[in-house]
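Can you build the whole structure from these sequences, using the hints too?
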Amino acid sequence: MPTKHLLKIEDLHHSFGEDEVLKGISLALNKGETKVIVGPSGTGKSTILNNIIRLVPPVSGKIYLEDVEITSTKKINQIRQQIGFVFQDFGLFNHLTAKGNVMIGLTKVKKMDKKEAEKIAMEELERVGIGGFADSYPSQLSGGQKQRVGIARALAMKPKLILFDEPTSSLDPELTGEVLTVMRNLAQEGMTMLIVTHEMGFARTVADELIFMEGGHIIEQGPPEKLFKNPEHKRTREFLFKLTDLYGEGEE
Amino acid sequence: MLDIFLDFYPLLFRGLGVTLLITLISCTSGTILGIFLSLGKIYGNKLVSRTVTAFIAIIRGTPLLVQLFIIYYGLPAYGIRFAPITAAVISFIINSGAYQAEYLRGSIQSVSSGQLKAALSLGMTKWMGIIHVVLPQALRRVIPAWTNEFIYMIKYSSLAYVIGAKELMTEGKLIASRNFQFFNVYMVVALIYLVVIIIFVHLFNKFEKKVAIPGFDFER
Ligand SMILES: Nc1ncnc2c1ncn2[C@@H]1O[C@H](COP(=O)(O)OP(=O)(O)OP(=O)(O)O)[C@@H](O)[C@H]1O
Ligand SMILES: [Mg+2]
Numbered sequence: 001m002p003t004k005h006l007l008k009i010e011d012l013h014h015s016f017g018e019d020e021v022l023k024g025i026s027l028a029l030n031k032g033e034t035k036v037i038v039g040p041s042g043t044g045k046s047t048i049l050n051n052i053i054r055l056v057p058p059v060s061g062k063i064y065l066e067d068v069e070i071t072s073t074k075k076i077n078q079i080r081q082q083i084g085f086v087f088q089d090f091g092l093f094n095h096l097t098a099k100g101n102v103m104i105g106l107t108k109v110k111k112m113d114k115k116e117a118e119k120i121a122m123e124e125l126e127r128v129g130i131g132g133f134a135d136s137y138p139s140q141l142s143g144g145q146k147q148r149v150g151i152a153r154a155l156a157m158k159p160k161l162i163l164f165d166e167p168t169s170s171l172d173p174e175l176t177g178e179v180l181t182v183m184r185n186l187a188q189e190g191m192t193m194l195i196v197t198h199e200m201g202f203a204r205t206v207a208d209e210l211i212f213m214e215g216g217h218i219i220e221q222g223p224p225e226k227l228f229k230n231p232e233h234k235r236t237r238e239f240l241f242k243l244t245d246l247y248g249e250g251e252e
Numbered sequence: 001m002l003d004i005f006l007d008f009y010p011l012l013f014r015g016l017g018v019t020l021l022i023t024l025i026s027c028t029s030g031t032i033l034g035i036f037l038s039l040g041k042i043y044g045n046k047l048v049s050r051t052v053t054a055f056i057a058i059i060r061g062t063p064l065l066v067q068l069f070i071i072y073y074g075l076p077a078y079g080i081r082f083a084p085i086t087a088a089v090i091s092f093i094i095n096s097g098a099y100q101a102e103y104l105r106g107s108i109q110s111v112s113s114g115q116l117k118a119a120l121s122l123g124m125t126k127w128m129g130i131i132h133v134v135l136p137q138a139l140r141r142v143i144p145a146w147t148n149e150f151i152y153m154i155k156y157s158s159l160a161y162v163i164g165a166k167e168l169m170t171e172g173k174l175i176a177s178r179n180f181q182f183f184n185v186y187m188v189v190a191l192i193y194l195v196v197i198i199i200f201v202h203l204f205n206k207f208e209k210k211v212a213i214p215g216f217d218f219e220r
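Those protein sequences? They're chains A and B, same order as listed.
When we follow the UniProt record's numbering, the leftmost residue of the first sequence carries the number 1, and every step to the right adds one.
When we follow the UniProt record's numbering, the leftmost residue of the second sequence carries the number 1, and every step to the right adds one.
By construction, these hints were calculated from the structure, which means they are not laboratory data.
Errors might be hidden in some of the hints.
Here are the simulated DSS-like cross-link-like pairs (lysine-lysine), alpha carbons at most 25 Å apart as the crow flies [as the list claims (entries may be wrong)]:
{"#": "1", "chain 1": "A", "residue 1": "Lys114", "chain 2": "B", "residue 2": "Lys117"}
{"#": "2", "chain 1": "B", "residue 1": "Lys126", "chain 2": "A", "residue 2": "Lys114"}
{"#": "3", "chain 1": "A", "residue 1": "Lys108", "chain 2": "A", "residue 2": "Lys160"}
{"#": "4", "chain 1": "A", "residue 1": "Lys110", "chain 2": "A", "residue 2": "Lys160"}
{"#": "5", "chain 1": "A", "residue 1": "Lys62", "chain 2": "A", "residue 2": "Lys74"}
{"#": "6", "chain 1": "A", "residue 1": "Lys74", "chain 2": "B", "residue 2": "Lys46"}
{"#": "7", "chain 1": "A", "residue 1": "Lys35", "chain 2": "B", "residue 2": "Lys117"}
{"#": "8", "chain 1": "B", "residue 1": "Lys126", "chain 2": "A", "residue 2": "Lys75"}
{"#": "9", "chain 1": "A", "residue 1": "Lys158", "chain 2": "A", "residue 2": "Lys4"}
{"#": "10", "chain 1": "A", "residue 1": "Lys160", "chain 2": "B", "residue 2": "Lys126"}
{"#": "11", "chain 1": "A", "residue 1": "Lys110", "chain 2": "B", "residue 2": "Lys117"}
{"#": "12", "chain 1": "A", "residue 1": "Lys226", "chain 2": "A", "residue 2": "Lys31"}
{"#": "13", "chain 1": "B", "residue 1": "Lys126", "chain 2": "A", "residue 2": "Lys110"}
{"#": "14", "chain 1": "B", "residue 1": "Lys117", "chain 2": "A", "residue 2": "Lys74"}
{"#": "15", "chain 1": "B", "residue 1": "Lys117", "chain 2": "A", "residue 2": "Lys160"}
{"#": "16", "chain 1": "A", "residue 1": "Lys234", "chain 2": "A", "residue 2": "Lys23"}
{"#": "17", "chain 1": "A", "residue 1": "Lys114", "chain 2": "B", "residue 2": "Lys210"}
{"#": "18", "chain 1": "B", "residue 1": "Lys117", "chain 2": "A", "residue 2": "Lys8"}
{"#": "19", "chain 1": "A", "residue 1": "Lys74", "chain 2": "B", "residue 2": "Lys126"}
{"#": "20", "chain 1": "A", "residue 1": "Lys111", "chain 2": "B", "residue 2": "Lys126"}
{"#": "21", "chain 1": "A", "residue 1": "Lys108", "chain 2": "B", "residue 2": "Lys117"}
{"#": "22", "chain 1": "A", "residue 1": "Lys158", "chain 2": "B", "residue 2": "Lys126"}
{"#": "23", "chain 1": "A", "residue 1": "Lys62", "chain 2": "B", "residue 2": "Lys126"}
{"#": "24", "chain 1": "B", "residue 1": "Lys117", "chain 2": "A", "residue 2": "Lys75"}
{"#": "25", "chain 1": "A", "residue 1": "Lys111", "chain 2": "A", "residue 2": "Lys158"}
{"#": "26", "chain 1": "B", "residue 1": "Lys126", "chain 2": "A", "residue 2": "Lys108"}
{"#": "27", "chain 1": "B", "residue 1": "Lys206", "chain 2": "B", "residue 2": "Lys155"}
{"#": "28", "chain 1": "A", "residue 1": "Lys62", "chain 2": "B", "residue 2": "Lys117"}
{"#": "29", "chain 1": "A", "residue 1": "Lys158", "chain 2": "B", "residue 2": "Lys117"}
{"#": "30", "chain 1": "A", "residue 1": "Lys114", "chain 2": "A", "residue 2": "Lys158"}
{"#": "31", "chain 1": "A", "residue 1": "Lys111", "chain 2": "B", "residue 2": "Lys117"}
The following label-pair restraints were derived from C-beta to C-beta distances [claimed, not checked]:
{"#": "32", "chain 1": "A", "residue 1": "Asn30", "chain 2": "B", "residue 2": "Thr125", "range": "29 to 37 Å"}
{"#": "33", "chain 1": "A", "residue 1": "Asp113", "chain 2": "B", "residue 2": "Val201", "range": "36 to 44 Å"}
{"#": "34", "chain 1": "A", "residue 1": "Gly17", "chain 2": "B", "residue 2": "Ile198", "range": "52 to 60 Å"}
Each residue gets a CB set at the ideal place from its N, CA and C atoms; glycine is no exception.
Below is the structure:
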């Protein structure tokens, strides 16, 4: 079933054992869009992202990347090459330098030769502002630098979209800004992104759409200003204002 | 003692050569066996995993000398005959492989599951992730256990004397049974083991430093 969306999720359900975590999620992203998912802890936000690239295969529902049905494809590794994933805990390979982390997908998965991979890795590290740390190992980097390596690693694969699972939640507040700046630039350059975050300031200024989830359902989705100023559901307003209190408006 | 060494060093060094050969082959082949066993135990299906678990339990739960005797004296009853050195090496490989499999399993499981998840997210298959991401870290972590294993193996390889493999201990025994200077001969043999082991410990420490990665802790 072809769609004109870049990513489309239809009636996604997921359970861990008896526990139904996602109870029918539908959403879609067009090329160049940035959407932000917010919601209380344990609501299933990470599960959605993991379902999309089948790190956790969904129980039912359909997910498409352009015309390809991800949920049924036999070539999931090809899909994963086209969808970047940025982890809350960075997921950097500890035995490789920053450059090595960015190169490995190119050399091992895309079978690119080393020279070319190195060139791309350096470009992407420069792009996220840490070209000077190419030869540092993860343990030698700050949290913000690690996460920028994580983003560079995703970017190097030239993905059609990038999924971010709370990319700044393990960072000290003063390091959050440098990562959000990188993400804001990506949004401006037209990268398609689906982001789980509690950073309301960022969401308000960067997201094309805000998706509020609770209890395995999407309660409300729409332009951030509408959800903040004029939400359909009382719960949405309560939650968004609680988050803004907790995390502030961001660096805006 | 010095005169014994001077009189017999060609024999002793020949024995030492065999000892080191047995140790080297047993330990490195044991590592390869250990890698397969540990991967089978962790990532294999139920059948593979259980077979490996049982195999490791049997090997670790029976004396090395019994294993050696089964291979050298027992198998010929079924028409399988090995030269003493071959029999020794086979039993040491099996034994070392089982122990190394357990060390490796520990270090593989200490590499966080997030590492494999990140590898998969780049489009690697599970096996690519294991080979390019999990094993390089697990193997580094297992180096201290591996060097211990190597040192033990130098010493355990002396067990091969009971089936007459001509390693260092056997040569010592032959010399002593001719000149009856048991104390002096075995002291010389002991000193040779000691010096060799000190040299290897030093080399391994250097190697550990060489492959060390900042912030990447070795086990223990
Ligand atoms: N592998 C798993 N096995 C069993 N239950 C799980 C597993 N992963 C997640 N869960 C449960 O599923 C629910 C949703 O988890 P999920 O991680 O998707 O929530 P989340 O919205 O991302 O929360 P947070 O904001 O804390 O990251 C939680 O109740 C969680 O305990
Ligand atoms: Mg989560």
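Broken hints, by number: none
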